[in-house]
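Chemist: Sequence:
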Amino acid sequence: SRGTLTIAGSRDADEESEDYLVQERTYGQFRRDITLPEGVDEEDIEASFHEGVLEVAVRGSAGSTGPARIAVRAED
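So the number in the working numbering is just where the residue sits in the sequence shown, counting from 1, plus 87.
Be a bit skeptical, because a hint or two may be false.
Claimed, not checked - Simulated restraints on C-beta separations:
| no. | residue 1 | residue 2 | range |
| --- | --- | --- | --- |
| 1 | Asp99 | Glu125 | 31 to 39 Å |
| 2 | Arg146 | Asp99 | 15 to 23 Å |
| 3 | Arg89 | His137 | 23 to 31 Å |
If you are wondering where the hints come from, they were derived from the structure by calculation, not from laboratory data. Keep in mind it's a predicted model, so treat the numbers as computed, not measured. Built from N, CA and C at the ideal position, the CB exists for glycine as well.
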């Protein structure tokens, strides 16, 4: 909805057969809804994915008209 950044995806279980005593990463589908400050526009949001880490940068500006899809740059 307007004023909310939604991040959704899924994480597959690692196929590696490492012996873990404790592993705190969860697998499967996930979704996070983040309320954005008033005045943030989709052009002010950048996202990149590098080495398994999603980074989202939000800069404030005027006006938003509704939901928008933000492109994510995948880096090698």
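Chemist: All hints, please: hold or fail.
Modeler: Each hint tested on the structure:
no.	hint	verdict
1	Asp99 to Glu125: 31 to 39 Å	holds (37 Å)
2	Arg146 to Asp99: 15 to 23 Å	violated (32 Å)
3	Arg89 to His137: 23 to 31 Å	holds (29 Å)
The structure fails hint 2 only (numbered hints given earlier).
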